[in-house]
Amino acid sequence: MKRTGWAVVGCGILFSAIGLALVFTSDHESTPAFTAAANLVVAWSFIGCGVVALSRASDTHFGFLMSAVGLTWFLAALSESNNGLVYSIGNVLWAIPLAFFIHALLSFPRGYLETKLVYVTVATAYVILAVGPVLFQLFGENTGCSDCPANELIVVDSPNAVDFVGLIFILLGLFVCAATIWVLVRRWRAASAPLRRVLAPVFATSAIAIGVFLLAAFVSAASQTVANVLFWLLLFAVGSVPIAFLMGLLRTRLARASVANLVLELGAARDPESTLSALRGALGDPSLGLAYWLPDRSRWVDVSGWELDLEAESQGRRTTLVEHDGAVVAAFIHDSSLDAELAGAVSAAASLSLAREQSIQVVRQSESRYRALLNAIPDLMFRMSRDGTYLDFKGDRADLAVPPEELIGSNARDILPAEVAERLLRGIGQALDTGDVATGDYELTLDGVQRTFEARIVRDGEEAVLIVRDISERKQQEGELRSSRVRLVRAGDEARRRLERNLHDGAQQRLVSLSLALRLAHARLRDAPEEAERLLAGASEELAQALEELRELARGIHPAVLSERGLSAALEALAGRAPVPVGVTVPPDRLPPAVEAAAYYVISEALANVAKYAEASAVEISVTRQNGRAVIEVADDGVGGADPTRGSGLSGLVDRVEALDGVLKVESEPGAGTRIRAEFPCE
Amino acid sequence: MRVVIAEDSVLLREGVVRILAEAGFDVVGQAGTGDELMLKVRSYSPDVAIVDIRMPPTHTDEGLRAAQEIREKHPGVGVLVLSQYIEPAYAMELLAESAEGVGYLLKDRISDMHEFADAVRRVGDGGSALDPTIVSQLVGRRRQDGPLDELTAREREVLGLMAEGRSNQGIAERLVVTERAVEKHVTNIFSKLRLPPATADHRRVLAVLAYLRG
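Protein sequences, first through last, are from chains D and H. When the letters of the first sequence are read in order and numbered with my numbering, they come out as residues 1 to 683. When the letters of the second sequence are read in order and numbered with my numbering, they come out as residues 1 to 214.
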């Protein structure tokens, strides 16, 4: 107990002694024992309550007020004195404790006067309770007590003045009472559940006390007997109020006892939610909020990990910070009526658990950021142990050899084909032993589709992390590119072979026979000039044939006019030689040579196909430029049904077109003619 | 008739010179390049220049360009272009404005000395000589139905020979008929193709070619 408390108790004992002496020596006190006992009960209940409150750092304000009520209560005892002056002073000062009481009541539980109205009410109460009795004493005869000493303080004996003062007194008293009730009702309606539990006993007893006081104020003038009865009632009603205050204090004391339970509960709490409910139970505040501090991000998060604006949350409420090892780890947001000391005790009790949970939150937060980062990477990832057991993974179900729920805990040897598993384990071993990144490609058949993956294996402590990328598409493209190159080379080889064969079988044979014929003619020239002439004529014929064949060969290799005069001129010759009518639409300007050549061969091949298969009656060739592309179309009205995959002519064209980043499309529905469309990029 | 020859292959050039000399032509100059040809044409004012289409330095269409230049600067000199290949596009370039004193033949034609000399003479006289390959391509080109189908086989033959640049007399000799008969065919052809009659041979060539190219 503090020094102030001891002083109050000391004063209380001294005043009790004086009061008792006055009561028991009084010659106008009819029931001294009862009066003494009743007043002692009331006074000491206030003193006791005051002392208890004084001992609590947060309640010293009440302590003073309650102590003041209790100590000034003894002032009324002065009126028991047989000495006229002392008696008169007692009659003047008896109402002072009531003023302190109203002050205490209106500042409960916050400890200060909140609004101007409350302040005015309390001030008025002090004035009327201090001044009112003085006025009565100055203007009025001491009535209603025949044994009492004479009123020593009387200045003018005027019943009119007393009535007038009484009226003002009653009006002001009514104002004080009404204002007090108004304030208390408002406070009650605004109060939260834990606050109401503290307010309830205080308000109930106070309401009774005030009700009795009002009654007494109205009827005491009418009948002294009734006034006496009401005064006694008031005495006990007021006396019960500190008991109510004590109950309120006791409630927080009980809550404090629950801190011990809290420690146990927190120890058992497995997650932030159960920690929160333990804290709510311990502090008796179901609206209590909990926030964790994330020091690396300088942010508050709630128990679910969502970001939280502590300042906005604690609007109209109070925040108690929880520290651990000198660093803030969390905060409660609680009702401001909550006992600060209790909140402090709970904070201290919970600091260890909250520090632990805070670090879990921190990890969870960084983990979720980590996850988000990982999820943004399209690669598959696996965490594996040295023996090939899958520990964790990230990726799409479609990329896994087994369902995800079966994967973790399984061994690669049981899931992957033996050869792949073997290589994988070798890679893991290598990565774990050397710390170098091991890489390798492997193929898997997933859902019946052959896919190629590229794995990079990285050491992470005792475990290996695999970063796996699906490279099937790239592999396929590479494969296509390779085979198209091979086809181009083959087509070139084939063309050269054909050229060689044509030269050998055609022109060369003819030249050989020509040479023979010339020798023969030479030999026969003298003996048989006619035969020589016949031989020379034949040789001449043979020579014309050889020249014709050479010309055709050369044109097939590359028509000179194409490079010299462009597509339009070359197509004119091509169209002229076609067996069906050919319409040609070509822009007058030249296209890039490579595009012209490709277009020429596409059209040439298309026309050859028309001649061979289409049975067409007309062909339309159009070359246009559209949006930076050269579009070549050859459409016939023949039988259709051409298959670009069959026959090397069209597939050779595909390679030629694709080599220029072009696209070749063949539409050839049976019976609907054939339309070959080639597009080339052409700026 | 004075002739200048431009041909980079000396062997072929000498052969042509010999053939022409034998046929009674006076070969006044020989050239191996386009520039040389222009020099010779300027210096010797020949009646006809026989030009190989491919010559140094690029071996593409130097002869053709030289031919155009000669026709522009020396309108009195006939130009006969020889080519290893026959390209209708080149023929049309040469004949773009006029068929007067122009010829375009496949080199192979040289071997038929008589025909060749005839063509050179026609060109030198301001007529024209178009290679039968081109003509047959033009005449034989497949078309949607048109007046050409109305011609008889004989008329087609006459049409082709007209397109080659031959005169009625030349056509008559070639077909071994009278000139009168040829004239009749020509009139028929022109009326069937709804072409206005043309008297001069070189104008006739242009009209027929324009029709055939359609």
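Calculated from the structure, these hints are not laboratory results. Ideal placement from N, C-alpha and C gives every residue a C-beta, glycine not left out. Some hints could be false.
These stretches of chain H come out as covered by chain D in the derived footprint (C-beta under 8 Å, 3 or more residues) [unchecked claim]: (1) 6 to 19; (2) 132 to 141.
Estimated spans, in silico, between C-beta atoms of each pair [claimed, not checked]: (3) Asn188/H to Asp643/D: 44 to 50 Å; (4) Arg456/D to Thr60/H: 53 to 59 Å; (5) Glu115/H to Ala611/D: 48 to 54 Å; (6) Gly556/D to Pro75/H: 19 to 25 Å; (7) Arg534/D to Ser136/H: 36 to 42 Å; (8) Gln509/D to Thr60/H: 28 to 34 Å; (9) Glu97/H to Ala611/D: 33 to 39 Å; (10) Gln508/D to Glu115/H: 51 to 57 Å.
Taking the hints in turn, this is what the structure says about them:
1. 6 to 19: violated (count 0)
2. 132 to 141: holds (count 3)
3. Asn188/H to Asp643/D: 44 to 50 Å: holds (49 Å)
4. Arg456/D to Thr60/H: 53 to 59 Å: holds (56 Å)
5. Glu115/H to Ala611/D: 48 to 54 Å: violated (31 Å)
6. Gly556/D to Pro75/H: 19 to 25 Å: Given a distance of about 39 Å, which is not inside 19 to 25 Å, the answer is violated.
7. Arg534/D to Ser136/H: 36 to 42 Å: Distance hint for Arg534/D, Ser136/H is violated at roughly 28 Å.
8. Gln509/D to Thr60/H: 28 to 34 Å: holds (31 Å)
9. Glu97/H to Ala611/D: 33 to 39 Å: The hint (33 to 39 Å, Cβ to Cβ) holds, given that Glu97/H and Ala611/D are roughly 35 Å apart.
10. Gln508/D to Glu115/H: 51 to 57 Å: violated (28 Å)
Against the hints set out earlier in the document, violations occur for numbers 1, 5, 6, 7, 10.
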